[in-house]
Each structure stands twice: as C-alpha cells, then as structure tokens.
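Protein chains: 2
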Amino acid sequence: MTTAAPVNPALGQVLQFVDEHRQQFQDDLAELLRIPSVSADSAFRDDVRRAADWLVEHLTQIGLAVELVETVGHPIVYAESPPVAGAPVALVYGHYDVQPPDPLDQWISPPFEPTVRDGNVYARGACDDKGQMLTHVKSLQAWSRVAGELPLQVKLLIEGEEEVGSEHLESFLAENTDKLSCDCVVISDTSQFAPGVPAITYGLRGIAYYELHLTGPNRDLHSGVFGGGVTNPANTLAYMLHAIVDDQGWIQVPGFYDDVLPISEREREEWRRLPFEQKTYESELGVNGVTGEAGFSTLERRWARPSFDVNGLGSGYQGEGAKTVLPAKASAKFSFRLVPNQNPHKITAGLKALLEPLTPPGIRLELVEHHGGAGITFPLESPYLEAAADAIEAGFGKRPVFMREGGSIPIVNSFSERLGADVLLLGWGQNDDNLHSPNEKFSLADYHRGIRASAALWDRLAAIKKR
Amino acid sequence: MTTAAPVNPALGQVLQFVDEHRQQFQDDLAELLRIPSVSADSAFRDDVRRAADWLVEHLTQIGLAVELVETVGHPIVYAESPPVAGAPVALVYGHYDVQPPDPLDQWISPPFEPTVRDGNVYARGACDDKGQMLTHVKSLQAWSRVAGELPLQVKLLIEGEEEVGSEHLESFLAENTDKLSCDCVVISDTSQFAPGVPAITYGLRGIAYYELHLTGPNRDLHSGVFGGGVTNPANTLAYMLHAIVDDQGWIQVPGFYDDVLPISEREREEWRRLPFEQKTYESELGVNGVTGEAGFSTLERRWARPSFDVNGLGSGYQGEGAKTVLPAKASAKFSFRLVPNQNPHKITAGLKALLEPLTPPGIRLELVEHHGGAGITFPLESPYLEAAADAIEAGFGKRPVFMREGGSIPIVNSFSERLGADVLLLGWGQNDDNLHSPNEKFSLADYHRGIRASAALWDRLAAIKKR
Chain A
63 MTTAAPVNPA LGQVLQFVDE HRQQFQDDLA ELLRIPSVSA DSAFRDDVRR AADWLVEHLT
123 QIGLAVELVE TVGHPIVYAE SPPVAGAPVA LVYGHYDVQP PDPLDQWISP PFEPTVRDGN
183 VYARGACDDK GQMLTHVKSL QAWSRVAGEL PLQVKLLIEG EEEVGSEHLE SFLAENTDKL
243 SCDCVVISDT SQFAPGVPAI TYGLRGIAYY ELHLTGPNRD LHSGVFGGGV TNPANTLAYM
303 LHAIVDDQGW IQVPGFYDDV LPISEREREE WRRLPFEQKT YESELGVNGV TGEAGFSTLE
363 RRWARPSFDV NGLGSGYQGE GAKTVLPAKA SAKFSFRLVP NQNPHKITAG LKALLEPLTP
423 PGIRLELVEH HGGAGITFPL ESPYLEAAAD AIEAGFGKRP VFMREGGSIP IVNSFSERLG
483 ADVLLLGWGQ NDDNLHSPNE KFSLADYHRG IRASAALWDR LAAIKKR
Chain B
63 MTTAAPVNPA LGQVLQFVDE HRQQFQDDLA ELLRIPSVSA DSAFRDDVRR AADWLVEHLT
123 QIGLAVELVE TVGHPIVYAE SPPVAGAPVA LVYGHYDVQP PDPLDQWISP PFEPTVRDGN
183 VYARGACDDK GQMLTHVKSL QAWSRVAGEL PLQVKLLIEG EEEVGSEHLE SFLAENTDKL
243 SCDCVVISDT SQFAPGVPAI TYGLRGIAYY ELHLTGPNRD LHSGVFGGGV TNPANTLAYM
303 LHAIVDDQGW IQVPGFYDDV LPISEREREE WRRLPFEQKT YESELGVNGV TGEAGFSTLE
363 RRWARPSFDV NGLGSGYQGE GAKTVLPAKA SAKFSFRLVP NQNPHKITAG LKALLEPLTP
423 PGIRLELVEH HGGAGITFPL ESPYLEAAAD AIEAGFGKRP VFMREGGSIP IVNSFSERLG
483 ADVLLLGWGQ NDDNLHSPNE KFSLADYHRG IRASAALWDR LAAIKKR
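Protein chains in written order, with the numbering used here: chain A, 63 to 529; chain B, 63 to 529.
No copy is singled out in the list; a pair is fine if it fits within one copy or between any two copies.
Calculated lysine-lysine pairs in the BS3-like style (CA-CA distance at most 30 angstroms, straight line):
| # | residue 1 | residue 2 |
| --- | --- | --- |
| 1 | Lys414 | Lys391 |
| 2 | Lys460 | Lys527 |
| 3 | Lys341 | Lys391 |
| 4 | Lys408 | Lys385 |
| 5 | Lys527 | Lys241 |
| 6 | Lys385 | Lys414 |
| 7 | Lys341 | Lys460 |
| 8 | Lys341 | Lys414 |
| 9 | Lys385 | Lys341 |
Simulated from the structure, these hints should not be mistaken for laboratory data.
So that you can see chain A by itself, here it is in the shape it has in the complex (with noise of 0.2 angstroms):
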C-alpha cells in the first residue's frame, strides 16, 4: 500500500485505531441499520426520529457540539468541532434516510436486519447513506480518540428527507450560510467507477425538463373521414420533436451549443484510461451499438456533452389492436441534459424560439417548463480535490480517478451556489448495490477504506492554507 506521508503524525495512530476497531465500527453501522427510518412513509415517522437520535447520540459521545433542528418533516442533525486557526472548514453532508424497502418479497434478507454474507451488508440503507456517511462519522470518532481533538473544523449536516426531495433543506441552507461557511463540502453518496477503481467525481450535467402539448381539433376524429383534411397534432408532435434534435443527435434549438465548454484534453486523457469497453457496456443493456454525437465516446457523451431526450409520448389511441382515431391532443415529456456554462433559461428562449415558428395553422401549442438546473464542475486543479485524491490512496490503496456524472444533483448546486464551496463527491459504494431496490448492500471492505480514507481527508485537508 503506497500512501503519502502523513501531515500530522497521529494520522498513523488514527488508522490503526480505525484498523483495530473494524469490528466495532461494523457493529455501529448494524445499530444504525436496523432502525427503519423510511422518510416517505408516515408509518416510521417515530423511526426516522429514532435514526435522528441515534445520530444525535452517537455524534455528542465522539465530543461534537449536536444540534437536532426540527423542520416541518423530519429533523436534521447538526454537529461540529470547534474551529481550528488557520485550516480550512470542511462541512460533511449526508443523510439518515432510507427509501422505502419494498418489495419486501425480494429480499433474501430482511431490509431492517442487516446480513453479512459474502463480505457484503445486505440491509435497506446499507450503502444508501447511512453506511456511507457513517464513514465519515467514525474517521471523526478515531482522530477524537486518538488526538483529542481534529486538525481542522469538521461540520456534520445529516438530513432525514434526502429520498423525498430535501424538501426542507434548502430553507434551512438559506437561513444558515454563516453557520455553515466552510471550503469544501464532502458528500459520500455515490458509486466508484468500478470494483477496485475508486473514483471522484468532480462534474455533474444539468438539466431543463419540459412538457409539450399539442391540442387539434376539439375532439378525437375518425381518422378516414378527416384524414389529410385537418392537422394532425400526433404528426405535428414527430415533426417538432425531429425539429429539436437531428439523426446525428445534433440539438437544433438555437445557440444551443454556444456556451458549452470543450472537454479538457486532461479530461479525454483520463477518461481513456478508464476500464470502461464498448462491447460490455452495449450486451450489458442488450443492444447491438448506440448512436451518439459522432467525434465523442460513450463516457464523454454521458458525462460532458448535452444530450437530448425524450422522457415521454402520449396521443391517441395506446391500446390493442387498431383505432381509426385521429387526436384531438398529442403530448411529450423531453429534457436536455446540460453541460456547465450552459444556462437552462437560455435553452427555453431558445426552444420556444424553434418551436413556435414550426406550429402549423390547427394546431395550439402548450411549453411547459419543468425544473431546470445548471451542470457544474470544480476544477481538477482545486487543492481540495488533490487533498482526497490523496486520502482515497491512503484508504483504498489506489489513486483515485476523475470522472464526471450524467445525472443532476441539485444540492450540489446548491452548496456550491450558497456556500462558494468546492464539492467532493467521493462515493465509496459499487454500481451495483442495489440502491433503492431489493437486497441493498455495501462491502464492508469499501466500508473500512472509506473510513480510512476520511480520517486521512482531515489530514490532508488540513494541510492545505487556509484561504
């Protein structure tokens, strides 16, 4: 195992502390899994409280000043250490809610009793996040322990309505930004690249969602009687839809692509090396090839080229056999997946700017905008990046890579927007963990490097000057 030399020297007691109390640490996270605090069902109200408490609990026995903040949902869990002179402030993100477990007939172990079989935990919330952020609640236990105290200020936000939309932490961000000031936020609730390929990922896509309803005549016609004698709003909608996006996969709203930024060549470099093959990934999915924007690979088309999609199709007559109806309405759902730079609002002048000249006499035409949200990134060069690059070698015993995510998350925006925080997303689970599915599961090994790796991230972050 090739690690960087510690900054601090108790860092190296810390990690036998973590090593030797590997059991015990498996022990805590078993307590924590087996309270059933599913935040969508009314039923666990009292549960998800308990999970609170637990928190609550656990984080003032490791010395951190707690707070339990009631919103109108369930609670979030506060904590911090005290302030460190001249070290950054990190703030720890994460959740101690879980998604409901059904269908609980699936599982092969039951969801609130955690099962270790085949050096996995088979629980609901496993790697989901309370594994996960766990990781980073033992790291502050071990260095407590060992040191007494920690070499920079840590501050925990532990929400218990993650799995129904955070409904109430944005409010509580808006009223807390001095509180909550720090440098880097720290989220573990995603994947690494693959088995043994851990991963950062340092950018996230956007996304602008809408609604397009096309209504016709004022009812459903027969289709042989007035076909070819008034237009056709299902027709209209293939037309509209073939208007946005071009075979090639070339989005033809206008202006589009003007602020998208290129893909660094460093980007491209990493990215190729990556364990990633075009074969696996097609017979994984069950297909004979893709098609794509041409000059792009896979991976740079999910991560960090806009994408056009269609979500959703509805007109007319959906059942067996034949109709003879010609639609009084047609209606898609569609949603582009944004890259940073490129601003959601600009992307609906844009689409209405196409679309409204293209709607022909007969038919009404109804956008409407969903949400929207700005893709981000935070530069490979960021010190905070190179310090957990640094701490998943020291935990996982391998140089972590850079990879970018296709998807939205929006808190991210929202801590890097509110905070001017970088955000380290440093994801210890497997992609196939089965998150909010039956037999949910994390490695208990990836449970023990991500702890590792968190106590180590104190050190190296704390290395760095404060700004």
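Chain B: place on chain A using the hints.
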C-alpha cells in the same frame, strides 16, 4: 317537384300508396325500433333474434321468399322476389342490429321507446340502420300491394352483426355468390351531404394500418446517467414518423403516389359546387386553420387524396410531472388512407424499404401490419348511378350530389369484388343523427322521402336493359 316521367305506369300509384301509408310505415318502424337488438351484448341475444324474426314475418307478408340463415353468431335474413326476365337484379344490403345505447343517462327519451320530437324519431337504430334499411322494405311493400309484382328482381340481405364487425357475413358472401348474384347493390347506411342536399356516395378510400414498435435498451434507464450514450427509441420514433411524411403532408414512402388516380375535372367541378364553407368547417372543429396537401381543397383531400395519420403514440412516462426516464420502448399506430388503384401490400413493402435502412444501431424495429383495404370508386357514368339519381330526384324533389367518403366500408369492397356489381350508397341520414351516440335520431321526412326514392329506384333500375 320535378320528377322524371315513370317508366312503369304503376309508379304513380305506388308513390301515392307510399304517401297514403305514411303513418302506418312510421308505426312499423317504431315497432322494429322497440326491439333492443344490441348485437355486441349477449344479454340482448334473444332480442336480436326477435328483430330477425320480425323481419322474416314482415317480408313474408309482402310476398317475398324469406330465409332465416343461421350463423355462429346472429342470423342473417335473406329474401328475394321472383326473377324478371330482361330486367337487372338489385341486392339490398342492410342490418337490423344496433349499437349499445350507453351512456343511458344522456338520452332525453329512452333508447328503445321511439319518441317523435321536431319531426325526428329518436331511438337507437332509428337511422343506423333500421330506419334506412326499412325504406327499401316499405317500397317493396308498396309495389307488391299496388302492382302485385316488382318490376325487377330484388334480393334483400339483412344481417345482425354489422355493429360487431360483420364477422360471419364474409363467409356467407363467399359461399353464396350465385344466390346473391346481381347487377347492383343498394345500401342505405350513410348520410346526405347536408340537410336538403341528398347525395350518392360513389367512392371510398382504402386503408393500410400499422403498428411500429421500437425497442432500445433492455430496461428503462436514467436519462441523466445514460442520456447521449444510448439510442433513445422515442427520439427514433419521432425521426421515423417524420421520415414517413414531410411537413407539407407529402408521403415519403417510395412509390407511394405511383398508382394514385387523379381526381377528374368533372369531380372537382361537382365538389366545388357543394355547400361547403371552409370557415364553418374549421370553426366547427375548433381550429384556426388546417394544413394539407398543396393544390387540393379540403373535400378533395378527405375524399380523393391519400393521407397519413398517426393514430396513437406511447412511450416512457406519461403521468403527472417530470420523470427522467430514457424509455426502453416506443410505439406508434398509424395509417395511410388510400385512394383507388393503390395497393395496401405495395404500401407495406415501400414502408419497410423506407424504415429499415433508417433503423439506427441500438434499436430493434418491429412493424406490425393491421388491416388493409383498397379504395374504391364506381363510375359516375354507370347507368345504375344515373337511375339512382333519377330516383332520388323523384323521392326528395332534388337531384342528388355525387360525393365520395374518406373512410372505408369493407363490405362495399366485398360486394364489388365477389359479385362484380356496382354499389349504390344512397344515404338518407344526416351528419348530426348521433349514430353510435345518445339521442340517435332519423328525420321522418327523410324516412318518407327515402321510401319514395326507393320505390322510384325499382322503376328506374327496371328500365336498364339487362347486360
């Protein structure tokens, strides 16, 4: 009232008989309308048979040779008068079954208690088809009573399964071509062009109906994680549908227009004179305009030009709000309306030739062919059409217009193909008679005029030298 002079001296008395028995004939219609012969609902099975029996008795009293032909479903009533040497043979087709009356609560008077309001009789089946079919029975009755014999042989084929797809009629036709042999077929089951504008429908469009299924990945994917990195079947569907028809309504299937017969100058001239107001049409449909094939009027597009309509679309998420799904499948139902001389099988071949090369990597295409049928016209110069026009003038006091219809009536093609006879579509109904809807009605004046026109038709047809 301008009426061409009768060929048979008895016609004057026959028409007088019709006028004198107006109330009696209305009572007879009411009697048949009281029988709820709903063919689709097995609860009405005995009533359907009761309607058939009523017809058998009624036709026997007129002096026809009558058969009740059993089928696996509802029986067919067949009757014929004696052959008349040197005169042509006419076959009347109609149906005694009716649509279900639902929704019952929207009927002003009960569907099977015929009620007269404003000169219309309201009841299920009043127009479709008991009232219209009975005009021919009553005209035969008048001829029989007044002249003791008919001036030509008339055959009657009245089925009880028209509203459930005429399932057993086709095999009856196939097995009885000799028995049914005739020179022309008379069907009164359509509408006049407008109130006071009686019409002969001499052409119908055909149809080629398809279902297109596109399959992409083996499961729904997250559109953020995968968007841009996998071929989206819903995007592809829009692309393919738009490849079938351009935004000017011009169909792109190779060879599609090769066999299309042009509209004759006589037809265009005839239709230009019809009381059709584009603005009224649009406002009745609630649209601010229509699009369609350039160089053709709305009636020309609906009656005599081919068209392409998407009949249904389905893919991904169609519920409320936004779901970031990249759907595994996308489907469309669509159909072409064909004009005479176009062959549905040739269209299928052209469609495959168009779509298969457009199928991108990552998409599996499945094209399902539903029913197809050719368009059909009968020559405006046909002596049978001329005879029918004279007869309508005698019955309605107005010369009929010659129109086509945009939909298909498969049985018309069957009669034409199996019997080699011209089919006269002599509709006595109105467009607002609420067929298949609550408050179906039939104008008693049109019922009476229809009986007169039918009586005159036997006279006029008899004058045609048998070929």
